[in-house]
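**Q** Listed below, chain by chain, are the residues.
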Amino acid sequence: QKEVEQNSGPLSVPEGAIASLNCTYSDRGSQSFFWYRQYSGKSPELIMSIYSNGDKEDGRFTAQLNKASQYVSLLIRDSQPSDSATYLCATLGEQGGKLIFGQGTELSVKP
Amino acid sequence: NAGVTQTPKFQVLKTGQSMTLQCAQDMNHNSMYWYRQDPGMGLRLIYYSASEGTTDKGEVPNGYNVSRLNKREFSLRLESAAPSQTSVYFCASSVLGSSYNEQFFGPGTRLTVL
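Protein sequence lines, in the order shown, are assigned to chains A and B.
Residue 62 in our numbering sits at position 62 of the first sequence, and the numbers go up by one each step.
Residue 49 in our numbering sits at position 49 of the second sequence, and the numbers go up by one each step.
Accuracy of the hints is not assured; some may be wrong.
To be verified - Cross-link-like lysine-lysine pairs, in silico, DSS-like; alpha carbons within 30 angstroms at most: (1) A/K42 x B/K14; (2) B/K9 x A/K67; (3) A/K2 x B/K14; (4) A/K67 x B/K57; (5) A/K110 x A/K2; (6) B/K57 x A/K56; (7) A/K56 x A/K2; (8) B/K57 x B/K9; (9) A/K42 x B/K57; (10) B/K71 x B/K9; (11) A/K2 x A/K42; (12) A/K56 x A/K67; (13) B/K57 x B/K14.
To be clear, the hints were calculated from the coordinates, so they are not data collected in a lab.
It should be emphasised that the depicted structure is a prediction, and the values quoted were computed from it without experimental measurement.
Turn these sequences into a full structure, and let the hints steer you where they fit.
**A** So, in structure tokens, the structure goes:
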């Protein structure tokens, strides 16, 4: 059973701090990794994709991938209350394009 | 460019009733997906269609059927609704190719089965 594990949280950080969200996956063959943001009552929104080891930066967001450790993380710099949401980690499963999602980490940014 | 659209947004059914959830995308994507999301269970794949004319079961297909009507549209049917099918249903689409499969989600349908 291929799995993606996330700490459910809630993770609480003060405004302006760095929020660090972590994800581990069991399938060593996973090639693609995604972070989705989901506000309460809304649909998941893709915010980052990463395919190779190392860091990928997009504005205040940085995704980090370590395939040897089967670990992917999302850093949010200068966190804002508007970043408060559930963050879903997903990996690309077997052929056919099926994503495997983690349970999500709830982030709360306090003013 | 509306992206992925779903109808209806909300629905209440009685046990045993049937209904079809509609999904359409205007991004020229070839792959489409149906998920359900329940508290504590995360997103679970019900059915997917890798390309027009093909459909395959996902993790939780029992009680559902799908139709890939054309490249744009992918519908999910509940033939005899049960309270266990109370959930939020999301449709998603993607361009399937090599290692890339960025999926984009519709706004969801909130279904309650009494």
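**Q** Now tell me if each hint is right for this structure.
**A** Consistency of the hints with the structure:
With a C-alpha separation of about 25 angstroms, the suggested pairing of A/K42 with B/K14 holds against the 30 angstroms cut-off. Our distance criterion of 30 angstroms between C-alpha atoms is broken by B/K9 and A/K67, whose separation comes to about 39 angstroms. At roughly 35 angstroms between alpha-carbon atoms, A/K2 and B/K14 are farther apart than 30 angstroms, so this suggested pair is violated. Taking the CA atoms of A/K67 and B/K57, the gap is near 29 angstroms; set against the 30 angstroms cutoff, the hint holds.
A threshold of 30 angstroms between alpha carbons decides the hint, and for A/K110 with A/K2 the separation of about 35 angstroms lies outside it, so the pair is violated. This hinted pair does not check out: B/K57 and A/K56 have alpha carbons roughly 33 angstroms apart, beyond 30 angstroms. Proximity of A/K56 to A/K2 is assessed by CA-CA distance (about 25 angstroms); at most 30 angstroms being required, the pair is judged to hold. For the hint linking B/K57 to B/K9, the alpha-carbon distance of about 24 angstroms falls within 30 angstroms, and the restraint holds.
Between A/K42 and B/K57 the CA atoms are separated by roughly 25 angstroms; this keeps the pair inside 30 angstroms, and the hint holds. With a CA separation close to 22 angstroms, the supplied pair B/K71 and B/K9 stays within the 30 angstroms bound. Distance check on the hinted pair: A/K2 and A/K42 sit about 26 angstroms apart at the alpha-carbon level, within 30 angstroms; holds. Between A/K56 and A/K67, the direct Cα distance comes to roughly 14 angstroms. Compliance with the 30 angstroms bound is thereby established for this hinted pair.
Restraint check: the Cα-Cα separation between B/K57 and B/K14 comes to about 25 angstroms, which is no more than 30 angstroms; the hinted pair holds.
The structure fails hints 2, 3, 5 and 6 (numbered hints given earlier, in ascending order).
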